[in-house]
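Participant: Construct the entire structure; sequences and hints are all you get.
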Amino acid sequence: MGTGDIEERHGRPGALRARGGVGGHVGAPHSVGIRLERLSKRFHHRVQGEVYAARDVSLAVAPGEFVTLLGPSGCGKTTTLRMIAGFETPDAGRVFIGDEDVTALLANRRHLGFVFQNYALFPHLTVFENVAYGLRVQGRTAAEITRMVGDVLTLVGLQGYDRQFPQQLSGGEQQRVALARAIVIRPRVLLFDEPLSNLDAQLRVRMRAEIRALQQALSITAVYVTHDQEEAMAISDRIAVMSRGSIVQEGSAETLYARPASEFVARFIGRVNLVSARVVAVGVDTVEVEVAGQRVRAVAAAQPAVGDKVRVVVRPETVELAPAGSLGPAGTVVARTFLGEKVEYQVRVGDETLQVTRPGGAADARFAPGGAVTVRLPADGVGLLRDDA
Amino acid sequence: MLWACLALFVLFPLAALVARAFFEGGRFAPGALASVLRDPNHLRAFGNSVLLGVLVAVASTVLGFLFAFTAVRGGLPRAWTGVLEATALLPLISPPFTTAIAIIFSFGPRGLVTWHLLGLKGVSVYGLASTFAAETLTYFPIAYLTLKPVLAALDPNVEDMAFSLGSSRARVFRTVTLPLTVPGLGNAFLLVFAASLADFATPLILGGNDFPVLPTQAYLQITGLFDFKGGAVLSFVLLVPAFAVLLLQRAWVGRRYYVTVSGKAGAQTAAKSVAAWARWPLLAGCLVVTVVIAWFYALLAYASLVVALGANHAWTAVHYRVIFSEGVKAIRDTLVIAGLGMPLGGLYGILLGYLVARKVFLGRRAMELVSMVNYALPGTIVGIAYLIAFNDPPLVLTGTALIIVACYVFRYSPTGIRTTVALLQQIDPGLEEASASLGAGSATTFRRVTLPLIVPAFFAGLGVVFIRSMTAISATIFLISINWTLITVRILENMTELSLGPAAAFSMLVVAIVVVVMAALSRLLRQFRTPGRVMVASLLGG
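Protein chains in written order, with our numbering: chain A, 9 to 397; chain B, 48 to 589.
Calculated pairs, DMTMM-like style, for lysine to aspartate or glutamate (alpha carbon to alpha carbon, straight line, at most 25 Å): (1) 350/A x 236/A; (2) 317/A x 293/A; (3) 406/B x 99/A; (4) 376/B x 540/B; (5) 406/B x 96/A; (6) 276/B x 257/B.
Partner residues aside, some chain A positions facing chain B, computed with beta carbon under 10 Å: (7) 90; (8) 93; (9) 114; (10) 115; (11) 118; (12) 124; (13) 127; (14) 129; (15) 144; (16) 145; (17) 189; (18) 193; (19) 199.
It is worth saying that the hints were derived from the structure and are not from the lab. All C-beta atoms, glycine included, are put in the ideal place defined by N, C-alpha and C.
Facilitator: Below, the structure is given as structure tokens:
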């Protein structure tokens with residue numbers, strides 16, 4: 009996924025005043041990748057005893073890539089991130105930044121930028137001094153510090169806030185200070201721990217676009233942790249979905265959405281119908297399955313045999329409705345919710361209830377509850393799960 | 048290093064005290080204890096101490112609740128709340144005799160009220176009643192400071208809820224407000240009880256011959272009869288109820304603290320628990336106390352400016368001339384000792400607080416506990432223990448300033464320790480991680496992040512040490528000497544010589560110094576931007 013793609017998606021590439029010259033001051037001179045090799049971290053739990061917060065986590069992040077660790081709370085994503093940062097020491101496994109093995113290195117020797125969930129701004133320092141903190145630690149000259157802090161505050165849109173204290177700023181402004189403080193030291197890698205979860209919904213959408221644009225402008229490698237699948241899809245090049253301490257699937261947002269490898273991923277990313285089906289033919293890359301009497305081509309990760317019972321992943325917006333009596337499985341509209349841009353149906357087909365989403369203005373958006381309809385599943389491209397998965 | 052200090056200035060004196068009480072020539076001899084317990088005088092003193100403590104604690108808790116409830120729930124204009132706050136603060140920062148002196152001025156044999164106003168003759172002001180009144184007025188602020196945050200933390204929405212279920216105001220108070228305050232009330236009772244038990248100055252002045260209590264008995268045993276052993280035994284007897292209160296408080300408060308504050312504050316709602324008309328009787332009740340206290344202090348100021356209150360009311364500055372000539376040594380000594388104790392106490396407080404809150408080491412809990420011992424024990428015990436411990440080799444400190452400074456530092460720094468711990472608990476560990484991620488080592492992080500954030504605790508700690516150094520007497524009365532004396536001790540001497548004018552002038556001076564220091568400190572503390580607000584006023588409560 010290229011930069012142009014991102015800008016098209018966010019629509020506001022200039023939201024961050026990131027333009028050529030300024031980025032040159034702040035940006036990392038060269039990007040490096042990250043490699044995690046079988047990282048494990050155990051914690052002692054009062055009731056359950058030894059619990060794995062992370063178990064055999066392996067991940068490779070390419071230089072300049074934006075990877076998100078996505079999962080529900082307690083899945084180990086934050087622990088993994090903190091092991092990259094050096095705040096936690098892994099019980100097993102290794103962390104590489106570039107080609108350097110940093111597993112044994114203290115956090116303050118890793119030269120990374122970390123953005124905290126609650127920002128962790130120093131309450132006793134002004135905005136300027138917060139941002140200057142890392143530069144002072146590096147022992148830079150006063151002139152350098154003034155210039156670099158000024159540049160980065162301009163970059164995040166906070167010129168003129170130098171003398172304010174963190175408590176005087178809004179949540180979004182504090183977030184920008186935290187961001188500025190992390191990038192001003194020209195870190196090799198940027199790490200984000202749910203940085204937007206304390207902001208309101210609208211600001212969250214705006215800030216994630218700004219973070220993405222900034223990361224692109226600096227072409228810096230980033231690892232981002234969130235439990236919000238929409239945020240993950242909007243911001244990342246690649247997503248690693250985690251569950252119970254392990255990465256269960258990684259890939260682009262499109263891949264995860266269209267071809268989830270498990271029910272967990274399917275349900276975690278977007279709304280989904282998991283419909284029982286039976287394999288009727290097996291091809292080279294695809295299999296044919298029968299769903300409620302309709303034949304559908306599906307893409308399978310593993311090769312099932314003819315006659316296997318499976319489930320197919322049917323996204324609500326890929327299902328179409330037609331007047332009763334048309335060709336295809338018959339169903340009954342159970343409920344209809346008008347949401348303006350779209351209409352959500354629940355349609356009963358045989359034993360199963362399908363979620364169906366149609367555009368608000370579409371021809372099949374006006375079926376009333378209780379009425380009979382014909383359901384049209386997409387003819388190909390549905391994902392397929394083994395029933396035991 | 049810290050352990051060495053704690054051992055030397057906390058454990059060693061206490062051990063010396065117990066040894067003196069129980070050992071005779073190296074042998075265990077509990078006979079002394081038994082003989083003391085058989086002495087009817089001492090038994091009476093013990094009974095009196097407990098009786099006085101209970102009475103004062105009950106009255107102070109009631110008064111403290113009245114003030115706290117009126118301030119928090121009364122819905123009064125800001126100015127009135129300020130008046131209540133000032134009333135409660137004044138007794139806390141005054142030298143220990145002020146109420147006692149004022150009571151003698153008002154109700155004594157030649158008192159303004161008893162003699163001049165009512166024309167009564169031969170009135171005796173000394174005894175239980177006056178001691179009780181003076182201690183209640185002195186210690187109810189402790190109850191007030193304990194109860195105010197408890198009441199303020201009660202979510203008014205809970206009361207609203209009870210209203211919406213159809214309760215009357217009286218019922219809401221009885222079934223919601225009061226039960227939720229019970230742990231606070233218990234805590235206030237115990238704190239005041241302990242304070243009264245330890246109080247030595249008030250009964251010494253007002254108790255008279257008919258009302259001996261343990262601390263005064265112990266004092267007389269040592270200063271009058273030079274009977275160290277008797278003093279040690281009496282202190283030990285005092286130790287028993289003091290420890291009982293300490294344990295009771297831990298057990299009681301530890302288990303039953305209701306927290307009704309949730310993460311998100313409910314909608315701000317005006318407290319409706321007090322009917323509009325009921326506000327004024329509540330306020331009037333508080334104002335009676337305010338007027339009495341104001342009267343006492345006005346009287347004290349007046350007494351310091353006339354020749355002899357009750358006899359000759361001509362204006363004069365002679366008392367102030369006296370204290371600034373004869374008394375100047377006491378003033379200088381007190382300031383030197385307070386000045387020395389201040390930075391040491393502040394430093395010791397944050398150091399120990401930091402260790403206890405952030406470092407993991409063997410004996411951490413023990414260290415915290417030991418650091419609180421001198422603070423929790425009655426001053427008389429600490430004073431006698433120091434006297435016994437440092438009177439003989441190996442370490443002779445009696446007669447030096449160091450012994451007084453050490454006594455203050457180890458007795459009054461726990462406030463600084465607790466403030467440090469509280470501040471550190473509010474500081475997000477993420478701040479230290481953020482500093483590390485920006486390349487700072489642990490030394491740099493401590494110096495540039497942690498230290499600046501606990502600096503308010505340093506100032507609060509040294510402020511409390513200073514204020515207590517100016518006003519305390521119970522422990523240090525045993526430790527003064529020809530070389531080093533204290534203002535509070537001079538006040539006591541003046542009182543016993545019946546030169547009440549200079550005593551009043553000294554008291555006014557102390558109040559003035561403390562008020563100035565407090566104001567400066569409050570202003571200073573307001574400059575800091577730390578997660579928790581530190582208020583000196585609230586630190587004095589106990």
